[in-house]
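These are the residues of each chain, in order.
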Amino acid sequence: MRVMPRAPWLPLPALAALLAAALAVTPGPALAQAEGPGCGAPAETMEAAPMPGVFAALAHTELRILVVGSASTQGGGTSSQEATWPERLQAILAARIAPVSVQLKVFGGRGTTAADHAKILAEQGPRVRPHLIIWQLGTVEAARGLPMEEMAEVVQAAIARLRAIRGERTDVVLMDPQFSRFLRSNADVEAYRDWLRVSAAASGAQMFSRWVIMRHWVETERLDLERAPRARRLAVADELHDCLAKALTEFILDGALRGRRHQN
Amino acid sequence: MTPPPGPAARPTRDIRVDFLRGLALWFIFITHTPGNLLAHATLRNVAFCDATEVFVLLAGYAAGIAYGRVLERDGWMAAGARLVGRMGTLYVAHIFLFVVFAAQVGFSAAALNQAAYLDELHLDPFGQEPYRALLEALLLRYQPAFLDILPLYIVVMGLFALALPLIRRPAWLLGLSVALYAVTRASGLTLPSWTGGGWFFNPFAWQLLFAIGVVLGRADPVALVRRFPWNRAVAVLAGLLLLACAVALNMVWHGPWLGLAAPEWLAGAIATVDKAGLHPARLASVLLLGWLVAHLIPRQAAWLNHPLPAAFVNMGQQGLAVFCAGIFLSFLGRLALETESGALAQLLVNALGLAALIAVAVVSAWYGGESKRKPQTGLPPAHGVVS
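For the protein sequence lines, the chains are A and B, in the order given.
Under my numbering, the first residue of the first sequence is numbered 1, with each subsequent residue one higher.
Under my numbering, the first residue of the second sequence is numbered 1, with each subsequent residue one higher.
Among these hints, one or two may not hold up.
As the list claims (entries may be wrong) - Partial chain A-side listing against chain B, Cβ under 10 angstroms, derived:
(1) 56
(2) 188
(3) 202
It is worth saying that the hints were derived from the structure and are not from the lab.
Note that beta-carbon positions come from the ideal geometry of N, C-alpha and C, so glycine has one too.
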């Protein structure tokens with residue numbers, strides 16, 4: 001919160017000017033120090049259900065994460081591959097859980113759908129033996145208007161297969177689309193998000209709601225890539241991915257902590 | 001739709017139906033304006049069914065009354081021809097809305113920096129192959145998000161034209177309709193869509209709701225009440241069931257609530273309730289609601305004549321004009337909420353939207369939009385009970 005300078009003796013026009021100046025200042029880096037963890041993402045979006053798989057991995061030497069998703073896992077407007085949220089997640093999470101190391105593998109790509117991801121998971125699941133799967137999906141389905149019931153079926157079947165092989169040793173987190181006014185206006189995103197939540201709840205997976213978090217950042221004028229001036233786009237995209245990785249780290253650690261309480 | 005004034009043989013127009021239809025049309029405007037906070041207060045947040053079910057059921061109800069009369073007076077050919085004409089009107093309206101949609105997407109894309117991120121948004125069929133998309137839209141095989149109700153309506157009207165003579169034999173009509181519904185659900189029969197999968201609303205399944213509406217519209221209200229009488233115990237049970245559905249849906253959608261997470265089997269069950277094929281739970285939900293509402297709102301409820309409810313009655317009577325205006329306005333609402341989505345913008349979009357819908361209904365009723373093909377002049381439908 002910014003504290004307004006108190007100047008009761010100032011004449012009215014000066015006061016108005018001061019007020020205008022104060023209002024014109026957009027919350028920027030100065031605010032960053034005061035904001036909560038995960039770049040100020042709403043607390044409830046970073047609360048996870050127990051993650052026994054991650055918790056078990058933390059007792060050993062490495063945490064294996066498999067990321068599968070569409071374009072944002074591979075770039076999505078960032079300055080480099082290193083700046084994407086999966087790579088940032090690896091770095092940020094590794095720093096938090098050292099000496100345990102983080103092995104993170106990314107699959108998928110631009111335009112891939114849940115069905116493509118399910119094939120990847122069927123192939124790579126037994127090979128990578130991940131403790132945590134982060135499955136980012138829904139944007140391509142929503143943008144193309146693909147059948148949402150089929151998407152939900154694919155997700156549930158894929159997770160059931162994984163459960164059959166890996167049981168409690170793998171936690172699954174679904175990640176919904178990035179918030180975008182454009183996407184919101186032109187695709188029935190809410191319906192796809194409803195189906196993602198239902199599929200997560202039906203298959204014992206969790207939802208990390210990137211949509212809600214990014215909408216919060218847009219509404220609080222913290223990060224708004226859609227309205228960023230051309231010259232700042234790369235920087236804003238990098239910060240966005242970094243912040244998403246930070247919020248996701250909080251989410252995963254929360255789940256792992258609950259996983260411990262769960263086991264004790 | 002198109003209710004020609006019949007002789008007094010038929011019962012007086014049930015303005016509760018018009019009121020509910022007006023309400024459904026308003027909900028459709030709201031839910032077709034993404035980002036509209038009022039969307040959280042519509043039917044679909046608390047029930048398996050939403051405004052689409054209500055709209056289709058009541059469209060059947062109105063069509064049963066209107067085309068039934070034409071059939072009785074002028075025969076199948078005349079009534080069928082009129083239905084085909086109606087389909088043509090709906091088709092033209094749909095294509096017009098499609099053009100508005102394309103223009104709105106183009107405008108939004110230019111106004112927002114979506115090019116910089118969300119790479120996947122370029123994957124929308126219109127962006128990739130505009131000429132092909134236009135052709136597919138004309139063939140009704142490409143239905144962009146939120147432009148899926150009119151195509152359903154067109155095909156259902158076509159089916160109705162074929163089945164028209166059966167409206168004198170409601171048992172046959174319902175039997176055939178249920179059979180088609182069952183075959184559709186069992187076999188996955190649907191119309192193809194360009195983007196993959198079937199239509200967003202499978203007309204072969206949704207026709208059942210329309211047919212039920214037709215039969216209800218044709219039935220004698222007194223006999224209907226006798227067949228489905230009020231029963232307090234059943235009503236309480238129905239209320240509890242609907243409440244349980246509302247709680248279950250919200251627990252699954254909105255995650256752990258007061259520390260209670262929805263069990264997996266419950267979410268699994270909800271995950272089977274599809275909208276495209278009008279899952280039996282959705283059908284049951286809308287019929288149960290219909291039964292409750294039909295008994296809870298008296299036929300001659302005085303409050304329906306107060307100005308605001310009367311405005312909704314009027315909207316319901318000018319169905320097509322208000323529906324199309326609603327979709328058109330939702331595009332404008334989208335653009336407005338894209339630019340600014342604060343409380344004031346929300347209030348303005350909703351207030352102006354509703355005012356415009358009411359105005360469209362008033363104008364349409366005034367020049368006789370919904371009843372312009374009337375062979376003789378009827379009473380203006382705005383004055384409440386009209387025969």
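Results for each hint:
A hinted interface residue such as residue 56 of chain A counts as satisfied when its beta carbon comes closer than 10 angstroms to some beta carbon of chain B; here the least separation is about 21 angstroms, so the hint is violated. At about 4 angstroms, the closest approach between the beta carbon of residue 188 of chain A and any beta carbon in chain B falls short of 10 angstroms, and the interface hint on this residue holds. For residue 202 of chain A, the interface hint holds, since its Cβ comes within 10 angstroms of a Cβ in chain B; the closest pair sits about 4 angstroms apart.
The earlier numbered hint that this structure contradicts is number 1, and it is the only one.
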